[in-house]
Amino acid sequence: MVIDLERCMGCRACVVACKTENETPRGAFWMNVFRYENGEFPDVEQGFQPNPCHHCSEPSCVDVCPTTARFKREEDGIVLTDYDTCIGCRYCEVGCPYGVNYFSWRQPDEGQYGFDISAEQEGGSGESLADILRSHDEDYDGGAPWSDPDLDVEIEPRGTEMAGRPETGTMGKCTFCVHRQDSDDPELEDTTACEEVCPTNVIHFGDMDDPDSDPSQHLEEKRGTNRFRMLEGTGNQPNVVYLGDKPPEGVRNMEDRYKEPEEAIDAEATRRRGDWL
Amino acid sequence: MSTIDRDRLTEPLRTTSQAYYVAFALAATVSLATGVAYFLQLRHGFAVTGLGDWGTARGVPWGLYIGTFVWWIGIAHGGIAISAAVRLFDLETYMPIARIAEVITLIALPMAATNILFDLGRPDHLWAMITNWGATMHTSPLTWDMTTTFLYFVMAGTYLAITIRDDVRYCLDKGMLPEKLTPLYNLLLWGYEEGETVKTRQMAWWLALGILLLVPLMSGGVVPWLFATMGMHEGWFGAATGPAMLAESLTSALAAVVVTAAVFRYAYGWDDIIDDSVFKGLNKALIAFILLTIWFLLQDIVTGLHPVAPTATSDLTSSLVYGSMAAPFWLSMTGLAIGLVYFSMQALKPSLFSVRASAVAALLVSLAILQKKTVFVVEGLIYPTQEPLSSMFPTGSYFPTLPEFTMALGTIGVAALLFLVATKVMPIVELQEHAGDVDVGDVAEAEEVTEA
Amino acid sequence: MSLDVTDKEGSGDEATVSRRTLLKALAVASAGTGVAGTQYFTTSEAQEAMNFTAEEVSTACWIGKQDCTMRAKVVNDRVVQLRPDPDDEVIDGICPKGVGQIADLYDPYRVKQPLRRTNEKGEMGEFEPISWEEAAEEIADDLGSKLMDDPRRVHFQIGRVKGPEWHMDGWVSALEQVYGEGVNVRGHGNVCASGNKMALSRMGAAFTSPEPDFHNTEFFLNWGWNATNAGGPHLCNVTYSREMAEGHEAQMDVAVLDPQRRGSGKWCDEWLPIEPGTDLAFFLAMNNVLLDEGYVDHWFLRNTTNAPCLVYTEGPDEGEIARAEDAEDPVEEVLWTEGELVYDEDTGEITPHEEVLPDDPHDPTKTASAALQTGERLEWNGYEVQTAFELFEQEMENYTPEWAAEVTDLPERQIRRVAERWGEEARIGSTTTLEVDGETRRVPYRPVSMSLYHVGQQEMGPTAMQAGFLTLMLVGAIEVPGASRTGYANAPYGGPRRHVRELAFDRDSLSWEPDAPDLEGTYFHPDANGSYSKIGHVLNNPDRYNLPYDGGEMACVVCYADPVAGGPNKRRSLDGYSRYDTVVAVDPFVSDTAAYAADYILPTTTVDKNENAKDGMSNTHYTSSTRTAPIPQLWDCRDEGEIFKELAAELDAGDEYVDVINDRFDLEGGDAFTSVEDLDVAETMDRSYGEEFRESPESTERPLYERYWYLLPDSPHTTEEHRTDLTPYGFKFQFYVESFELMGENVREGFHEEYGDTAEDEFPYIQDINGLPSWREPTMWRSPDEYEYTLFDMKKIEHKQSRTAQNPLLNELDPKSYVRMNPEDAEDLGIEEGDRVRVESHNAVTDDSYSVEGELMTLEGVKPGTVCIPYHHGVGVAHPSVEALDEGANVNNLFDSTEGYISWSGDQAFHIRVKVEPTGGDAA
Ligand SMILES: Nc1nc2c(c(=O)[nH]1)N[C@H]1C(S)=C(S)[C@@H](COP(=O)(O)OP(=O)(O)OC[C@H]3O[C@@H](n4cnc5c(=O)[nH]c(N)nc54)[C@H](O)[C@@H]3O)O[C@H]1N2
Ligand SMILES: Nc1nc2c(c(=O)[nH]1)N[C@H]1C(S)=C(S)[C@@H](COP(=O)(O)OP(=O)(O)OC[C@H]3O[C@@H](n4cnc5c(=O)[nH]c(N)nc54)[C@H](O)[C@@H]3O)O[C@H]1N2
Ligand code: SF4
Ligand code: SF4
Ligand code: SF4
Ligand code: SF4
Ligand code: SF4
Ligand SMILES: [Mo]
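Just so you know, the protein sequences line up as chains B, C and W, in that order.
All residue numbers for the first sequence refer to the numbering used here, where the first residue is 1 and numbers rise by one.
All residue numbers for the second sequence refer to the numbering used here, where the first residue is 1 and numbers rise by one.
All residue numbers for the third sequence refer to the numbering used here, where the first residue is 1 and numbers rise by one.
Hint data in this document are derived by calculation from the structure and do not stem from the laboratory.
Bear in mind that the values here come from a model prediction, so they are computed numbers and not experimental data.
Careful: at least some of the hints might be erroneous.
As a list, the in silico BS3-like pairs of lysine-lysine whose alpha-carbon atoms are at most 27 Å apart [as the list claims (entries may be wrong)]:
1. B:Lys259 x W:Lys121
2. W:Lys816 x W:Lys65
3. B:Lys259 x W:Lys816
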């Protein structure tokens with residue numbers, strides 16, 4: 001993946017696209033975009049840096065995994081989590097220097113748009129949307145309406161679930177949209193949701209070894225531009241190449257005080273409900 | 001010592017005081033609470049904990065459970081080390097606490113494992129680790145940890161088993177042991193021969209040697225490795241982490257022994273069996289280890305506060321010293337300091353010595369180390385990773401929730417409960433019949449003989 | 001309440017089937033994820049192969065103003081994802097709001113059927129559900145009797161709509177055909193950006209704002225254009241930002257004039273952190289330097305503007321342009337009024353402007369001999385005349401960079417440097433060639449440009465735009481390659497100009513008796529555009545503004561708008577709207593207006609809407625598309641097209657409505673609808689656009705001659721009546737706005753008669769209606785010194801005004817409104833990031849003050865001495881999630897909309913003086 005920082009405006013559309021593509025719960029940003037400031041008034045620089053999983057060639061997260069749930073797929077180098085094997089020890093999260101792992105503290109549905117939080121569970125006063133659906137049709141037993149069955153596919157080489165929303169107690173992170181890579185839809189293959197949504201064409205995904213691929217072409221086009229990888233010193237050999245200036249040390253992050261996910265989910269669960277709504 | 005009546009030593013096996021019931025009820029209640037909390041966590045998931053993801057979520061994925069795990073591991077390693085030292089160097093005075101230390105180890109290890117279990121959530125998760133052992137053994141520190149913990153348990157178990165056979169034989173014969181468990185005792189005594197003591201002593205001596213050699217490697221090695229493989233997290237990296245951890249482990253283990261020994265002495269009036277000199281000696285050792293612990297800490301703080309320290313290091317250090325982590329950090333420092341001051345004072349001015357005060361001070365020290373361990377785990381995750389990423393991520397925060405406190409600290413209650421049970425199924429102080437008969441020279445000789 | 005999928009007419013059975021499959025599919029899809037609570041012990045089984053059909057439906061964004069086309073991925077009648085449509089050449093992607101609106105589609109707190117109020121207005125609403133029939137009947141009864149009496153008793157408030165407004169226009173037009181003219185229709189312009197358009201459209205010709213030719217501009221002055229967060233003229237940020245990125249990568253330097261740095265993101269080479277509300281002073285100084293250094297494009301000014309025209313400086317016609325005896329009527333001929341006199345420097349004669357123009361108006365090397373400076377005293381009809389340019393020179397003389405530095409708080413050096421750069425980079429006199437339809441054309445090349453939009457909402461916004469447009473005109477950087485386009489309308493239209501000229505030349509055209517609370521056409525606001533935020537204030541004071549009716553006698557339909565949230569001051573708007581006898585809110589959610597002021601809420605659709613999208617247009621492409629409901633409409637919600645059809649029918653204006661729709665969509669013969677019962681929105685779209693639009697949008701390249709007005713005569717879209725051949729642009733630019741000058745005099749005279757000497761104190765804005773821009777201090781500066789900061793605001797990329805407040809995905813990205821300040825100011829106040837603060841504003845005229853509380857965010861990228869609180873939060877408060885999530889302070893509680901805080905055109909100023917103090921709480 002090539003990420004062209006000269007064009008990123010920090011809009012975070014990629015962040016949301018990743019969330020709806022992969023149905024991750026509140027607080028999980030498999031794609032995260034830093035917004036930062038540097039310097040003092042009036043000489044202030046601002047920068048934006050998307051930070052997905054770097055799908056390292058020497059992934060420390062794989063090394064520390066006690067179960068082989070986290071592994072690197074040999075054929076294309078995508079680092080995946082086998083949800084069926086993962087025991088939720090969070091070692092990979094601790095062992096990754098990039099801060100891109102998100103543990104499923106809850107069932108994904110619950111954290112999505114406050115969908116499946118029931119009154120009984122959180123001491124809330126109302127039914128959840130899921131309850132409303134359930135009371136409407138007794139055959140219906142859960143699941144968000146936006147839930148995409150394409151995520152339930154079995155992913156090779158193990159034939160287990162590794163795409164999209166991880167279950168409670170397992171670890172999630174960017175999969176390079178593995179379900180797209182493995183699909184037989186040519187419109188989806190070699191694309192990622194974050195790349196597709198980006199309005200300014202910052203993200204270029206594809207086979208970096210193939211000189212004709214989109215990222216290789218883009219690198220070629222911007223030959224003269226500075227390029228770097230994050231935290232090269234850790235020996236992880238990350239596979240995300242950035243174009244543009246490296247964020248200097250000691251920058252200040254800005255506009256990224258997200259609400260504490262649990263607090264938000266609780267709030268959404270216990271929200272007041274007008275009888276007339 | 002040999003003059004001491006075996007009957008008095010087996011008193012716990014024969015009589016049950018009111019205090020015992022109270023203690024038992026207390027420990028059982030705490031254990032029950034722990035179970036309930038665990039169930040709650042199973043039911044509602046990790047949402048009931050204060051844990052979160054580091055990075056954008058400003059959380060901390062490892063917290064009190066891992067801190068408590070590290071603490072128990074430390075105690076376990078220290079416990080067996082103390083017992084081994086007693087046997088290896090034939091520190092006769094301390095013989096009465098040798099088995100206490102062993103039992104502490106045997107209880108501490110499962111308590112450590114329990115905390116890992118709490119942290120993993122589902123019990124069946126452990127199984128996945130076992131089935132993948134082969135594939136992950138060469139890289140995963142958690143697998144190493146699991147392996148060494150298991151190894152330790154086996155060693156400590158064997159160690160206890162071979163040193164206890166004599167006593168069990170004796171008690172069994174006297175009918176002091178619970179009848180229901182007789183098959184178990186028989187199993188333990190399988191192949192027991194009268195007079196095997198010399199041989200078992202020799203075996204124990206070698207085992208002790210092995211254990212003592214392993215302790216620094218494990219306590220000062222594996223656990224810090226657990227963190228050091230993730231050296232990009234500020235605070236978890238550094239050449240001194242190993243020795244520092246070892247010092248902390250021994251401190252907390254010594255403290256745990258002091259507390260337990262004091263409780264026994266008080267409960268059974270064993271003032272003459274576990275006499276003052278035992279405590280005075282342990283206290284002295286504690287002085288040394290607390291000093292060592294503090295010294296390592298100072299090392300970190302001084303470098304961290306130095307103006308040329310990397311941003312992340314200085315952020316972390318200043319947060320410990322006067323920032324968001326200052327409260328837990330100084331609380332634990334205070335605990336250590338109080339212990340240190342008391343132990344030093346009683347060493348200088350013997351009139352200040354009392355077993356009760358020693359126990360209280362030791363308890364404080366032990367809890368301070370628990371606090372310190374947790375702070376250690378958390379600090380690396382509050383200020384994770386390296387520049388420039390560390391500046392771009394917000395600083396994390398963590399405060400354990402009630403279920404977490406209940407479960408993590410609850411393991412102390414469970415340990416107490418197990419200890420209380422242990423006193424009913426085995427003589428908790430070696431009956432010492434032949435204490436005087438075997439000396440180190442003999443063992444060495446005997447060894448030679450066997451070898452030949 | 002239950003989820004009810006409305007069956008589409010005529011397809012009841014199918015819809016039922018598909019609903020069942022929907023629920024089945026839900027069940028299967030969710031089997032793997034388990035049911036909350038018990039999942040802890042369940043491990044996911046390998047899933048059985050699932051049967052589901054996924055299809056893609058082309059639809060359009062329902063949130064933002066550019067109507068991005070999107071593809072809805074639909075699985076068994078469920079939208080599972082929204083993605084940008086790859087066939088749309090205007091966009092390469094969409095913003096977070098586009099993706100995130102899937103959550104609005106399924107929002108459990110959407111209004112699901114018509115609601116009727118059960119409690120008092122003015123407080124948080126309680127409602128009861130009623131049927132559509134009941135609602136339509138009751139509303140028609142109410143409105144019908146008012147309309148019958150006087151159509152002025154019925155108002156229609158539109159906000160920032162999506163797509164063309166045919167349904168609402170059609171309804172109003174049908175009503176007026178039946179009940180007579182007079183329904184007061186109000187737009188959102190006066191809170192949005194008409195501040196700048198008021199000037200621009202009178203100086204140029206289209207009601208719009210400048211847009212740069214990013215692909216050729218070399219120096220771009222970003223004037224308070226919040227490019228990375230918002231949008232600007234007619235698009236959202238996505239297209240502009242891409243073009244800006246491309247330009248910046250290729251050739252362009254960017255100077256940013258804005259009190260905050262964030263809006264220009266990476267693309268900022270020089271930051272000019274200006275004191276809010278002083279932009280006028282900045283541009284006056286720009287002009288001063290350009291004149292001083294001789295950066296003047298004679299070709300542009302002499303050939304295409306009225307800069308050389310002679311203006312009376314004395315006598316009864318002072319301020320008017322001197323005209324020949326046989327000159328055309330300036331009210332009739334607005335594009336180029338023939339007979340306006342200039343001084344011919346070749347002959348030394350005073351002659352009509354058009355007579356000294358070169359033969360070929362398109363030859364950029366031939367300059368008219370109309371003098372900009374005459375160098376002598378001229379008279380006409382016995383009174384002194386001077387060229388407009390000379391008057392301008394005199395006016396600009398005192399506005400030196402030194403002076404402006406004091407006012408704007410920008411370094412003098414910087415103002416001068418930027419002005420000089422502007423003049424230099426404009427390359428006055430240079431030309432380039434363009435290939436247009438196989439023909440090579442030589443055209444002027446002016447690679448400097450500017451852009452602005454909502455920043456024009458300042459107390460002196462229109463005047464600042466006037467000065468800024470002059471900065472463009474001086475170097476001729478208008479409608480040629482590299483320059484600013486002064487509008488997206490391809491055909492200049494004389495309408496707005498004619499309107500002000502009528503007011504200017506007919507001294508009796510203004511009255512003190514308004515027809516409606518927008519006060520349009522009165523002395524109060526002779527030339528306005530809805531007075532969105534002032535409505536509340538006027539309704540609260542009907543006597544002060546001589547309203548023909550009290551609120552209690554009037555009704556208002558509010559559609560696509562949330563004036564209580566969006567129009568400051570929130571308290572005033574809330575009180576004002578609650579005074580209406582009847583308010584009908586057409587809204588998918590319980591907006592603040594609905595919650596506090598509505599008697600009825602009619603639930604409309606969201607992504608599940610059928611409507612034609614607005615045609616998109618970038619620098620290079622056009623796109624047209626329809627907004628197709630990708631799934632059957634949820635609950636009992638209806639499209640606007642259906643709602644207004646229903647209301648029109650109930651008010652006996654059904655046939656008229658049908659006629660308007662047929663007309664709007666060019667439906668003739670068999671395609672035309674014959675009765676209101678037949679009319680169907682989806683069907684209208686299909687008949688008009690063709691069903692293929694449901695599959696994919698259509699993009700076409702924008703021909704060069706439609707990208708630069710300079711080439712406009714070649715456009716097949718322009719007709720003779722749209723333009724004059726005397727200039728390539730088709731009309732004469734008003735360097736000197738004669739109509740403002742005259743209208744301003746009328747207004748001031750009227751006010752002095754009515755209010756005496758205090759008129760200027762009470763209505764400061766009447767000083768600002770002038771032919772040439774001049775400076776005065778903003779009214780807010782009269783506030784006591786303790787209000788030491790200037791509050792301004794901005795939009796955020798994650799939100800769209802008030803309409804995204806309830807969206808949990810967007811709330812997740814941007815959960816709270818923060819009070820943004822420079823760390824230096826925070827330190828002075830002894831507060832730091834995360835502290836809770838109280839912000840109190842002060843109205844210097846009324847002495848009212850208002851306060852909100854919020855959490856502090858410190859940014860070096862905010863000018864010291866200012867406070868910035870983004871909009872979007874603390875609104876939609878009736879939505880349970882909004883309430884529960886506690887999004888924080890709403891900045892519209894702080895701004896005010898009384899005189900002193902609005903411009904002469906009735907435009908809201910989003911500036912006020914405030915003080916900040918810690919509340920003592922630490923919310924970190
Ligand atoms: N402080 C501050 N105030 C501002 C601004 C600012 O930057 N700062 N911006 C100003 C600007 S530029 C503008 S344009 C105005 C906008 O002002 P408005 O146009 O009033 O915009 P919103 O506040 O978004 O309110 C729109 C209402 O329409 C409803 N709605 C959404 N979709 C539909 C639909 O499909 N049909 C119908 N009938 N209703 C729908 C929404 O639920 C919401 O209640 O706000 C202005 N107010
Ligand atoms: N994400 C998002 N996009 C939107 C919208 C939205 O609500 N959300 N709304 C759409 C609409 S309706 C509109 S009108 C456009 C508006 O698009 P813009 O005009 O680009 O956006 P705003 O944020 O309204 O612009 C206000 C800018 O002016 C600056 N500013 C404030 N006061 C002053 C001043 O006195 N002088 C100068 N020089 N600068 C000042 C602010 O810091 C801010 O950068 O955006 C459109 N796009
Ligand atoms: S969508 Fe593109 S421009 Fe927006 S934050 Fe992501 S990478 Fe940057
Ligand atoms: S970025 Fe982190 S999670 Fe991703 S492969 Fe590298 S180490 Fe693993
Ligand atoms: S959380 Fe799962 S993937 Fe990560 S290290 Fe533990 S078992 Fe492996
Ligand atoms: S590649 Fe896919 S999974 Fe990874 S960040 Fe982008 S959208 Fe998310
Ligand atoms: S840019 Fe505007 S129109 Fe496009 S998706 Fe975003 S909000 Fe919608
Ligand atoms: Mo707007």
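We went through each hint and held it up to the structure:
In summary, the hint linking B:Lys259 to W:Lys121 is not supported, as the alpha carbons are separated by about 33 Å, beyond the 27 Å threshold. With a CA separation close to 23 Å, the supplied pair W:Lys816 and W:Lys65 stays within the 27 Å bound. Between the alpha carbons of B:Lys259 and W:Lys816 the distance comes to roughly 8 Å, so the proposed pair stays at or under 27 Å and holds.
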